[in-house]
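Colleague: With the sequences and hints as input, model every part of the structure.
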Amino acid sequence: MKPASRPVCVALALALPVGQACAADEPRLNQAFQDHIAYVATFAMPVLIEKCAALEPGYLQKSAPLYFRYVNSRQDQIERGRLLTLAEFEPGESLQAYRERVLASRLGKLDSGSGEEKQAMCEGALAVLAGARLPGEWPPRVQAAGKPR
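Here the sequence shown stands for residues 2 to 150, numbered as in this note's numbering.
Keep in mind that the hints were calculated from the coordinates and are not lab data. Treat the hints with care, since some could be wrong.
In silico lysine-lysine, BS3-like type, Cα no more than 30 Å apart, as pairs [said to hold, decoys possible]: (1) 119 to 52; (2) 63 to 52; (3) 110 to 52; (4) 110 to 63; (5) 63 to 119.
Label pairs and their in silico Cβ distance ranges [claimed, not checked]: (6) 113 to 65: 22 to 30 Å; (7) 74 to 118: 22 to 30 Å; (8) 112 to 69: 23 to 31 Å; (9) 29 to 132: 31 to 39 Å; (10) 62 to 28: 31 to 39 Å; (11) 55 to 91: 13 to 21 Å.
We put the beta carbon where it would ideally sit given N, CA and C, even for glycine.
Modeller: Structural data, given as structure tokens:
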């Protein structure tokens, strides 16, 4: 896998399904996506870091400072992302259920993926924590069939 594509793997791991091609023509939707990713990273990255640390010696030492710097430098972005994400909840949907669903669906490759997939996710996470912007938009645009594109 090319190094430039690794952050995209993390986007797939951390984000809800979104259309990527339209983000450039909608800067506000792209910024909302960055905010959403920042929020999801607050609860998904610690789990991802723990799983990657079990796979790669020294990963925790590389990732922990990046994670804390990421969270500390993006407080407003995280809060905006939290609000945007909560606004998309269905009536009766709980935060705990959302988090569990996101973790199960987006980090499953760290349990069942190939060694290359696991490595790509771990390296992509480091890139995100180091500041790589991921393509996408929030909320996802809906096609006529009702599915995000």
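Colleague: Measure nothing beyond the straight line between the CA atoms of residue 110 and residue 63; if it is 30 Å or shorter, mark the hint as holding.
Modeller: With Cα atoms ~21 Å apart, residue 110 and residue 63 stay inside 30 Å; holds.
Colleague: Quick check: does the Cβ-Cβ distance between residue 113 and residue 65 fall within 22 to 30 Å?
Modeller: holds, 25 Å
Colleague: Between residue 29 and residue 132, does the C-beta distance stay in 31 to 39 Å?
Modeller: Check failed, 20 Å falls outside 31 to 39 Å.
Colleague: Starting from residue 110, check that the Cα of residue 52 is at most 30 Å away, please.
Modeller: Within the cut-off at roughly 11 Å; holds.
Colleague: Holds or violated: the 31 to 39 Å window for the beta-carbon distance between residue 62 and residue 28?
Modeller: holds, 36 Å
Colleague: Do the beta carbons of residue 74 and residue 118 sit within 22 to 30 Å of each other?
Modeller: holds, 29 Å
Colleague: Between residue 63 and residue 119, is the straight-line Cα distance small enough, at 30 Å or below?
Modeller: holds, 16 Å
Colleague: Does the Cβ distance between residue 112 and residue 69 fall inside 23 to 31 Å?
Modeller: holds, 25 Å
Colleague: Taken at face value, is the distance from the CA of residue 52 to the CA of residue 63 at most 30 Å?
Modeller: Satisfied, since the Cα-Cα distance of roughly 14 Å is no more than 30 Å.
Colleague: Between residue 55 and residue 91, does the C-beta distance stay in 13 to 21 Å?
Modeller: violated, 34 Å
Colleague: Can you confirm whether the C-alpha distance between residue 119 and residue 52 stays at or below 30 Å?
Modeller: Holds, at about 9 Å.
Checked against the numbered hints listed earlier, the structure breaks hints 9, 11; every other hint is satisfied.
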